[in-house]
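One-letter residues, chain by chain:
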Amino acid sequence: MRYCWNAKLAVWVAFTTSYLCVWSSIVSALDPIAETIEFQRIEFNRDVRPILSDHCFACHGPDSTHRQADLRLDMREGAMAMSALVPGAPEESELVTRIESEDDSLVMPPPETHKPLSDRQKEILRRWIDQGAEYQLHWSYEVPRRPDVPKGMFPIDGLVQRRLEQRGWQLSPEADRRTLIRRLHSDLIGLPPSPEEVTAFVADESPTAYADLVERLLTSEHYGERMAIPWLDVVRYADTIGYHSDNPRNVWPYRDWVIRAFNENKPFDRFTIEQIAGDLLPDADQQSRIGSAFNRLLLTTEEGGAQPKDYEARMLADRVRAIGSVWLGQTTGCAQCHDHKFDPFTTRDFYALGAFFADVQEGLVARREDGMPVMTEDQRTQLAVLDEAVAVAKRLLSEAESNKTDDGAQAKIEWESAKKTRDAFYSGLPKCLVTKASKNHRTVRILPRGNWQDESGEVLQPAFPSYLPQPNIQGRPLNRLDLAQWLVSGEHPLTARVVMNRLWKHFFGIGLSKVLDDLGAQGEPPSNPELLDFLACEFVDSGWDYRQMVRCIVMSATYRQRSTATPEQLESDPYNRDLARQTPFRMDAELVRDYALDVAGLLKHQVGGASVKPYQPEGYWEHLNFPTRTYQADAGANQYRRGLYTWWQRSFLHPSMLAFDAPTREECCAERTRSNIPQQALVLLNDPTFVEAARGVASRMLTADLNTADINLTADDDADDARIAWGFSLVLQRTPTADERQTLRTLVNTHREIYSVDRDAASALLTTGLAPVPPKCDAVELAVWTHVARVLLSLHETITRS
Amino acid sequence: MNRLTWNPKPENLPMCRRRMLGMSTVGSAALASLLSGQSLLGEQPPASNALGALRRLPLPQRAKRVIWLTMAGGPSHLELFDYKAKLAELDGQPMPESLTAGQQLAQLQGEKLVCLGPMFPFTQYGSQGVELSTLLPHIGSMVDDICLVRSMTTDAINHDPAHMFMNTGSQIAGRPSMGAWINYGLGSEASDLPGFVVLVSTGPGRSPQPIAARQWSGGFLPSRYQGVELRSRGDAVLYLGNPKGITRSQQGLDIDTINALNRSHDALVHDPEIETRIAQFELAFQMQASVPELMEASDETEDTLSMYGCQPGDGSFASNCILARRLAERGVRFIQLYHRDWDHHSLLREELPLRAAEVDRASAALIRDLKQRGLFEDTLIVWTGEFGRTPMSQQNKGPIGRDHHNKSMSMWLAGAGVRRGMVYGATDELGYSAVENVCTVHDLHATMLHQLGIEHEAFTYKFQGLDFKLTGVEPARVLHDILV
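Protein chains in written order, with the working numbering: chain A, 1 to 802; chain G, 1 to 484.
The set of hints was computed from the structure by calculation and includes no laboratory data.
There may be inaccurate statements among the hints.
[To be verified] Below, computed lysine to aspartate or glutamate pairings styled on EDC-like, alpha-carbon distance capped at 16 Å:
{"no.": "1", "chain 1": "A", "residue 1": "LYS436", "chain 2": "A", "residue 2": "GLU362"}
{"no.": "2", "chain 1": "A", "residue 1": "LYS115", "chain 2": "G", "residue 2": "ASP467"}
{"no.": "3", "chain 1": "G", "residue 1": "LYS462", "chain 2": "A", "residue 2": "ASP54"}
{"no.": "4", "chain 1": "G", "residue 1": "LYS112", "chain 2": "G", "residue 2": "GLU97"}
{"no.": "5", "chain 1": "A", "residue 1": "LYS613", "chain 2": "A", "residue 2": "ASP239"}
{"no.": "6", "chain 1": "A", "residue 1": "LYS122", "chain 2": "A", "residue 2": "GLU102"}
{"no.": "7", "chain 1": "G", "residue 1": "LYS469", "chain 2": "A", "residue 2": "ASP54"}
{"no.": "8", "chain 1": "A", "residue 1": "LYS115", "chain 2": "G", "residue 2": "GLU455"}
{"no.": "9", "chain 1": "G", "residue 1": "LYS244", "chain 2": "A", "residue 2": "ASP760"}
{"no.": "10", "chain 1": "A", "residue 1": "LYS151", "chain 2": "A", "residue 2": "GLU530"}
{"no.": "11", "chain 1": "G", "residue 1": "LYS469", "chain 2": "A", "residue 2": "GLU112"}
{"no.": "12", "chain 1": "A", "residue 1": "LYS115", "chain 2": "G", "residue 2": "GLU457"}
{"no.": "13", "chain 1": "G", "residue 1": "LYS244", "chain 2": "A", "residue 2": "ASP758"}
{"no.": "14", "chain 1": "G", "residue 1": "LYS462", "chain 2": "A", "residue 2": "GLU524"}
[As the list claims (entries may be wrong)] Okay, the calculated bits of chain G under chain A, using three or more residues with CB under 8 Å as the criterion:
{"no.": "15", "stretch": "156 to 163"}
{"no.": "16", "stretch": "224 to 236"}
{"no.": "17", "stretch": "270 to 281"}
Glycine included, each C-beta is placed from N, C-alpha and C at the ideal position.
In isolation and in its complexed conformation, chain A is listed as follows:
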């Protein structure tokens, strides 16, 4: 499917291509601001605020304690009163005098701050004052406005196109079908398509083929698993407490709750409310209470000598940072000790936000808690029956005792037995830490410079950050439910933008505003503000329909572009901020594992359940203590579960997860780094999981019915060729080129020579992993093809979503 503007634009582009080539090389030497200076009116948010924030606000900004010379430049009136700004008259403005001063003792910023202004930045400030020094409310604090969308176009594409036009660019053509299905599978369910699915999709001539595929994946039970991964990062979900002994905690039902929420397409407002206040809802139930485990995901300690007050302060701060990362997109951590230097977030805001959580019941130090039992309806009935049996036995016992009958001894035995049965049943139930509200709220006070021993600060009640919209709630103290509802009230300027910005990153590898957890002054104004606002408005107006927003993005032509960059694009837009193409990126740690196991036929597709322990190098946990622990890898089906079910040990995360940049989840992580380091090669080549997966792929190559497989063989191809083609199809869902096939044939021949004279080595290779070796396969051949498979599994193309 093509949109009409594409064709029109193509004509225009054809006329202007030669001109553009010259122009783009000029522009590429500058940056977007250079264009701004030349051609546009200075805009405070886009052009000026980033300069003032980065170079001036630390001393002349919102932080009143550290403000110098009583001057603040984040407020127009204040700056004018001090003559720092004289609108329309740069020469009279002290700001200009100071930034242009040659005198080290006068020039601003002072040299010792190591924050000199560039000539271009000085010029922007001068022109801004010349044009009247108008301020704007920071972009992300304004309520998003639905932008005008070019008529007759898919809104996302129209808004992207509008920006591309400024560069004289257009969207790239749609990627080929194979790439599209691989991309959608990776982004929506995190599993590779089978060769048959690819073949069918490539051949599907229906106009709705793409849309049908999208719908099939959106309703797959693996959709929730895929969407859960970034959410679990940002809420810092893990299986252990984090500090010091880093002991286990029961919280995996929350992970399953998240998966289920995405699969059921729980509206995002409800999703938010259950996590922050699922226990306070009038219709609170087991599910909403599990959601409230969010409040318990923070780091805790069991260290001897830890002081409750110290950890009370740490935990409050941890929660405030979490709300900042997950929903507000604001860096709040600074305000634990001082007013934020760049954003209007004050120390008072920090502790008042923390005060919302003062009712969360928890052992602050060294107290373990099993959590709430998580039961099916059957189990609930069963437990009620068992409880009743204990009660009856108890009654009979007391009757027997009070009547002093001879049955006393027997009644005691029966009571004990009933109790034992009940307790055994209860202890076998999964448990989950959840939020329970206490009537006795902890006292929250401002801690001067974050010092928990200083009790001189003012006692605070829960309150919303003062610079954000305030709902009208009067006559009662605010609680967590108010906080949750405020975040998703629809008028909140930040939440929808923050969530949509993260979602964009999921599908394009980078947010519209690059700094995902800071939409404040030090973050980055969005590369395409109208697009982010459109997504935010659409999200709210759809009733916070997450799946609809996913659909909206993946159905766009912008999403469906090919990801290969032209040299020009790579040169002048290396980070693909303008979206004239898709972006290829290495898959997340969990998916690298899932892909290998899946094509090997080893992956167990079970959704949910307790966390599992894949193979791990011996001794990797040897530095854990209190108590010391020995890692026991799972046997059976649990060895082959998806990466997101891996036991998340915060202090020693599974090393192959860590190698591929899975975060330890000690702090909220809105964005994983995406590195390319030698440890990744070592994992792909030597981690038993991948060795076993290679053997699995090899077994499939050796046992496949090559005659029926759709691998484009010719009469000249022999069995090795056919196997190579079949393996390519399995792992990469394409046919190999002649060169590729020849390269692998050489590999086959060499290993075959080696193993046919050293069968013991071949057998040794087959001993890695627990999965049984297929009895039909010859050890030498299986070993040889295991090498081919490990090559295929290690390819950049295999682990890249393009």
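Keeping the supplied structure of chain A fixed, place chain G upon it in accordance with the hints.
Chain G alone, transformed into the frame defined by chain A:
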């Protein structure tokens, strides 16, 4: 010489592989990406003409590398480095409340606070007659080469936050450790080894401190700058060994094949990440040879082994000190050793001599060894715990010990322009508070960076919109008094 860098540039690859890579042109962004070992997405590439992100160093570089000896658990300064006659005199007497009122305490919360005199004698060492414990005769013998700081303090009073603070300058998880900062800033001269290496000693001790991998994490810096632990058991680097039934030449063949296929794919898609991927597979293969060679240490002489007092590969602190020297020789930028067993809430009298013996000879041998190999002049050695211990006795955990204490601790530095034979700073007469030339962890970091040629105030990395520094937001000072 075709030695690879940890973060290889194409021109450094051995010729045979270079041919295979071809000499395709990559754009500047692609090149930056390759050099940083990082994805193009959202990373700050370091300068292309320097090993690290710092284009040029504003200060003279006195230290080319750091060996940081971490005594995890908090060694007692009062038994090892800081003799207090007055404390001996008051042994068994109540601790003056004027000192302790309103102060942070760990396991002594709510307990009666009683003075505990030094449990081991001190004696004078070196040409200046520096007083050190008789438990440290070997360090004592090198005291003319070290600078002892008796006025160190820290903010945290529990192990985990205190380790984080000492290693990252922050008590909040997720910040880069100092080794990662320095690896990022300066890069590494090590050819086929990580620029930041961690060695955790194993020993017969009683209650070793848990040490989370976060202590050597790269935090928000690109992952390649994180510390890599070299383990004394199993594969020295995780997943370093080939699978059973695969020889080195077979592994090499597979890697060549992977790289060839990646190369031909790159010709179609022009993805700069592929160049990096090829280089990293190459490097992994080099490491599979270079790391075992490093760890084996079979070329160490009997004299060297007896000087340190160990056998190679025994996992002891001493054998890790030998490895530290070997890593220093190979150009590794930051080497951090952990001895984990200094948390003497109890059994101080029984345990401390054993632990002291485990590190004393080796620490001294390391200095001696670096000196004789000409590495002492440009290697900064730091020996420190995460906090000190209380002058008050702790008796609620068994035989007598001392609790955690953050108002005073002792540490020492040596090499790389640190003044020799100096004692800096002092505590009060009971060893409770540092009172003269008080030093903070951030001061220590600032000083270390200064010797490495880095101005700590200007050494920042942008994350979440903020300019983060190893030395934090509060002012930190370089301890010029202890520098030559």
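For each hint, the structure was consulted:
1. A:LYS436 <-> A:GLU362: holds, 8 Å
2. A:LYS115 <-> G:ASP467: holds, 11 Å
3. G:LYS462 <-> A:ASP54: Given pair LYS462 of chain G, ASP54 of chain A holds - Cα atoms ~11 Å apart, limit 16 Å.
4. G:LYS112 <-> G:GLU97: holds, 11 Å
5. A:LYS613 <-> A:ASP239: holds, 12 Å
6. A:LYS122 <-> A:GLU102: Satisfied, since the Cα-Cα distance of roughly 13 Å is no more than 16 Å.
7. G:LYS469 <-> A:ASP54: holds, 15 Å
8. A:LYS115 <-> G:GLU455: holds, 14 Å
9. G:LYS244 <-> A:ASP760: holds, 10 Å
10. A:LYS151 <-> A:GLU530: holds, 15 Å
11. G:LYS469 <-> A:GLU112: holds, 15 Å
12. A:LYS115 <-> G:GLU457: holds, 11 Å
13. G:LYS244 <-> A:ASP758: holds, 13 Å
14. G:LYS462 <-> A:GLU524: Holds, at roughly 12 Å.
15. 156 to 163: Answer holds; 5 residues pass the 8 Å Cβ test.
16. 224 to 236: Our answer is that it holds, as 6 residues pass the Cβ test (under 8 Å) against chain A, meeting three.
17. 270 to 281: Holds: 9 residues of the stretch 270 to 281 of chain G have a Cβ under 8 Å from chain A.
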